[in-house]
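Read off the chains here:
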Amino acid sequence: MSSSSGAVGHIPLAVRSAAPAAGLLSGSGRSHQSLVTFTDVRVVDPAGGRDGAANVIIEGDRVASVGRESRGLRIDASGLVLAPGLVDLHVHLREPGGEDAETVASGTTAAAAGGFTAVCPMANTQPVADHAGVIEQVLRLAREAAMCDVYPVGAITRGLAGAELGELGAMAAVGVRCFSDDGHPVQSAHVMRQALAYARTWDAIICNHAEERTLTGDAQMHEGIQSDLLGLTGWPREAEELMVARDLILARGLGARIHVPHVSTAETVALIRAAKARGTRVTAEATPHHFTLTDQQVASYDPVYKVNPPLRVKTDVEAVRAGLADGTIDAIATDHAPHPPEDKEREWSAAPCGMLGLETALAVTITELVRPGVLTLPDAIAALSTRPARSRDIVGHGGPIAEGTPANLVLFDPEERWTVDPGRSHSRSRNTPFAGRELWGRVHHTLLRGRFTVRDGESVTPGDDDEIGDA
Amino acid sequence: MMTQDQIALDERPAGAGLSHLLDVDALGADQITAILDAARTFQQLAARPIKKVPTLRGRTVCNLFFEDSTRTRVSFEIAAKRLSADVLNFSAKGSSVSKGESLKDTALTLQAMGVDAIVVRHHAAGAPHQLTRWVDAHVLNAGDGRHQHPTQALLDLFTIREHFGQLDGLHVAVIGDVLHSRVARSLVQGLRTMSAGVTVVGPPTLLPLAVGQWDVDVSHDLDPVLGKADVVYLLRVQHERMSEQFIPSVREYARLWGMDGRRLRRLSEHAVIMHPGPMNRGVELTADVADAPNALIARQVANGVAVRMSCLYLMLGGERA
Amino acid sequence: MTSARADDAAPSAPSRTVLDADAIRRAVRRMAHEILERHAGAADLVLMGVHTRGVPLARRLAHDVAQIEQATVPVGALDVALYRDDYARIGPRPLERTHFPVDTEGRTVVLVDDVLYTGRTVRAAMEAVIAEGRPAAIELAVLVDRGHRELPVRADYVGKNLPTSAGEVVRVRLEEHDGVDAVSIERP
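Chains as they are written, first to last, in this note's numbering: chain V, 1 to 471; chain H, 1 to 321; chain B, 1 to 188.
By construction, these hints were calculated from the structure, which means they are not laboratory data.
Quick reminder that beta carbons are idealized off the backbone N, C-alpha and C, glycines included.
Any given hint could be a false lead.
Anything over 12 Å on all C-beta distances counts as not near chain H; from chain B, calculated [to be verified]:
# : residue
1 : Arg26
2 : Ala40
3 : Asp181
The following label-pair restraints were derived from C-beta to C-beta distances [what the hints assert, rightly or not]:
#  : chain 1 : residue 1 : chain 2 : residue 2 : range
4  : B       : Val180    : H       : Gly169    : 29 to 39 Å
5  : H       : Pro293    : B       : Arg154    : 50 to 60 Å
6  : H       : Glu101    : V       : Pro400    : 53 to 63 Å
7  : V       : Gln296    : H       : Met113    : 32 to 42 Å
8  : V       : Asp218    : H       : Met113    : 28 to 38 Å
9  : H       : Asp30     : V       : Arg417    : 39 to 49 Å
10 : H       : Gly277    : V       : Gly97     : 41 to 51 Å
11 : H       : Gly114    : V       : Arg417    : 39 to 49 Å
12 : V       : Arg417    : H       : Gly277    : 50 to 60 Å
13 : H       : Gly277    : B       : Gly167    : 54 to 64 Å
14 : H       : Asp25     : V       : Ala277    : 37 to 47 Å
15 : V       : Gly97     : H       : Ala112    : 31 to 41 Å
16 : H       : Ala26     : V       : Asp218    : 25 to 35 Å
With the Cβ distance kept under 8 Å, some of the chain H side facing chain B (calculated, not the full set) [unchecked claim]:
#  : residue
17 : Pro13
18 : Ala16
19 : Gln44
20 : Val53
21 : Pro54
22 : Thr55
23 : Tyr313
24 : Leu314
25 : Gly317
26 : Gly318
27 : Glu319
Turn these sequences into a full structure, and let the hints steer you where they fit.
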């Protein structure tokens, strides 16, 4: 699917416009190349079908070898897992327009801290990313920060208003592969159908936030006994399921590619499973909070748990886990949605929806899915890296890890425990629903084209790029 | 060391030591009983020449009202003043709240002023819960969105117990817009805690979707429920429910779920009518029902002050942990 | 007013009975005589027992007065919890019924309690009585005066003066509440 039609590989502008050498990317301008060997590391590479111990040599911006030899600086990585850098299909970096919550620099720094080397920011910025100008601005900001590759999602409709199509062609020309009005579901079936059809020009992907708005007027949380008890207007699961069903039917009829974001109900999982069996070109993602938390959390009335789609009930959590386990849901995506404290520390009904996710996704996945045996570690890496990269035609991320491939990698200790402290987040915001939780799995190093963006658990911004990689 | 003048901890009434009154769900039967028992004393006080007692001298109670409700605010104000507390009224309209000050900042301001209790009415469900995170003061929920209105439920329980002498084993029909009613949520929980049976009655559009999990009987038909009810509790139906497609018309609602003279005659002889007010005469009940001798609606209002005094008395004493 | 309940004395606690049932009966009888003597009869008197054990003591006094003088003295009950000065420190106490059998205007109210100690309960009781009306006078009758006053309060009628140390607890048990008549001193 990723190799289909005339789409060239999705090469991020961050790479295209800069020389490929890590030295140039880091801004140091040095001409010689660094050489590092991670020795005795467990390589988990779903794309290459590998799960086993090896030495991995990084030379400059590329993987030089995976095997038994070692060269240059040797870093003992025994006990660590080396995997392709994580890829997040769904983040909000807030810039331009929401810099009090997050910037491209802060968001990509948080992404790197979480082990990500590629993220896809949504279009609901101010101004909206509904034309090439905003896309190019975000790409430039990401290039300057140089912490994580950024693949912006373009808006489907102008101003996310759901009425007129945005200039998908102009955005596709600067590299956009996916279009979404995230947060503003496209209500009109006609507009949605036209978007799916038009996007076929580039075999691009349409991602529609699944919410039938006439059913969620003043909705505050999942509809059920808990919303009854808390006196908050319920958010019927049908609002999501109706929209997913509609979009799957429309996409199938057109042979168009569709991506279902943040799957939250059991019925949505079943709809996608059935559509895949019928050959619909659908991919789907689930967030760590939807496969972990339930509407019981809302009893505290702490808006840190307010999110769209809402936290559901245990049977939905289990269905989402099952969907991840059987591959119905392709990817784990965070829907990282920063909000400044003054916006979240309000009455529940006045607070905005959204949760941080970039820095906790890997650990929550290990803690909640890998350790209980829902996913194997290679399956988890596939869902966090390989499959999201493939589903969005992103080349150079998600593996394979082999001689000559870009060194976009994460090294983490799956057995190391740590406690989530919002105060230590690299995000500008603090709205993590996992605050205070003890999680397994800590990122030690993240490498973006051979350069450490995280080293020994600490962020390395290009300015403080050290010389330690030089042989 | 215990001295002659001190009271043993276990001699304290069960309601004592309650930090906040946020929802009825959090109250046990012993606590509800303690609140109702103390309210009886405060009710007797109201008949005396000097209605005021010095108990809360030096304590400050703030009525923090983000939503208009003169009757509830006045009831709390009288309750606090009869206990000799200093009372300050902080209403959203006349304060910096309307200029965009957040609930948290308002809370921190009251905290800095050193108030001992905050009585809060807010249009947002959960706002009283959130206040407890930001202030040391006792928080009493005077109605939050469609969530809870615990003192209303307590005064209703008091009124029912006053009339029947007990709550255990009674059967209460709660009729109308349960979905949007904080009164219904609070009252039903209180009745179940006190072992009274409940049937909620109304069109499915005005009952919560998950009402089947509420530990009550559910009926969409009023008439079969009338004969077995000891208490008929009518909820207010707001006119905007029609434009929102909950019910097609007031006339149809009144015909199917309204209490009128004909239905009044089908009640058992000892049954009583209650309503939390303000009433929509002609919608949830007709004028002759509202004024019937077995309507306890005026008693409910009268008992409000005593019940609120009881809550303040039981909560505000002693040193905070 | 005693604080400890009758049944929670540790078995090893040294306890010394200072008044038995007969002694209590005689003390109440003597106080009844004194009240009648001071007022030259029972007219315009009202006995207000302070909850909890002051209430049965007031009834006993009224009973004795009736036997001695063939006169009926109205008996009421007073709960002083709402008038105490230790609410902020100790917290709420259970509320008992307060009952004034007659209008106190122009009458002499005799407060009846079991133990006079710091005087704070009596002060609260006086405030409770005055809140109800303006009696001609307020007097105080106690079964035991154990000393250690913290307020300028003096009893008019005392069943027994009992020197104690502050660490001791005077426990009054009455038939009506405790199934037995006895006053003891306990050292916790």
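Hint-by-hint comparison with the structure:
Against chain H, the non-interface label of B:Arg26 holds: every CB pair exceeds 12 Å, the least being about 24 Å. No beta-carbon of chain H is positioned within 12 Å of the beta-carbon of B:Ala40; the least distance is around 30 Å. Against chain H, the non-interface label of B:Asp181 holds: every CB pair exceeds 12 Å, the least being about 20 Å. A C-beta distance of roughly 37 Å is found between B:Val180 and H:Gly169, which places it inside the suggested range of 29 to 39 Å.
About 55 Å separates the C-beta atoms of H:Pro293 and B:Arg154, a value consistent with the hinted range of 50 to 60 Å. Hint check: H:Glu101 to V:Pro400, Cβ distance near 56 Å, so the stated range 53 to 63 Å holds. At about 35 Å, the beta-carbon gap between V:Gln296 and H:Met113 stays in the expected band of 32 to 42 Å. For V:Asp218 paired with H:Met113, a C-beta distance near 34 Å keeps the hint of 28 to 38 Å intact.
Taken as a hint, the range 39 to 49 Å holds for the pair H:Asp30 and V:Arg417, whose Cβ atoms sit roughly 42 Å apart. The hinted range of 41 to 51 Å is satisfied by H:Gly277 and V:Gly97, whose Cβ atoms lie roughly 47 Å apart. A hinted range of 39 to 49 Å holds for the C-beta pair H:Gly114 and V:Arg417, which are about 43 Å apart. A C-beta distance of roughly 56 Å is found between V:Arg417 and H:Gly277, which places it inside the suggested range of 50 to 60 Å.
Our hint of 54 to 64 Å for H:Gly277 and B:Gly167 holds, since their Cβ atoms are close to 56 Å apart. Roughly 45 Å separates the CB atoms of H:Asp25 and V:Ala277, a value that falls within the hinted 37 to 47 Å. Roughly 35 Å separates the CB atoms of V:Gly97 and H:Ala112, a value that falls within the hinted 31 to 41 Å. The given range of 25 to 35 Å is respected by H:Ala26 and V:Asp218, whose C-beta atoms sit roughly 26 Å from each other.
Of the supplied interface hints, the one on H:Pro13 holds, with its beta-carbon coming within about 5 Å of a beta-carbon of chain B, less than 8 Å. With 8 Å as the threshold, the beta carbon of H:Ala16 comes within range of chain B, its nearest partner Cβ sitting at about 5 Å, so the hint holds. Residue-level restraint check for H:Gln44 holds (minimum Cβ-Cβ distance to chain B is 7 Å; threshold 8 Å). With a least beta-carbon distance of about 4 Å to chain B, the hint placing H:Val53 at the interface is held under the 8 Å criterion.
Contact between H:Pro54 and chain B, as hinted, is supported at the beta carbon level, the nearest pair being about 6 Å apart and thus within 8 Å. With 8 Å as the threshold, the beta carbon of H:Thr55 comes within range of chain B, its nearest partner Cβ sitting at about 5 Å, so the hint holds. Because the beta carbon of H:Tyr313 sits about 6 Å from the nearest beta carbon in chain B, less than 8 Å, this interface hint is met. Hint status for H:Leu314 relative to chain B: holds, with the closest Cβ pair at about 5 Å, below 8 Å.
Proximity of H:Gly317 to chain B holds as hinted, the smallest CB-CB distance being about 4 Å (cut-off 8 Å). Given hint, H:Gly318 at the interface with chain B, holds; its Cβ is 3 Å from that chain's nearest Cβ, closer than 8 Å. With a cut of 8 Å, the hint placing H:Glu319 at the interface with chain B holds, because the nearest CB-to-CB distance is about 6 Å.
The structure is consistent with each of the numbered hints, conforming to all of them.
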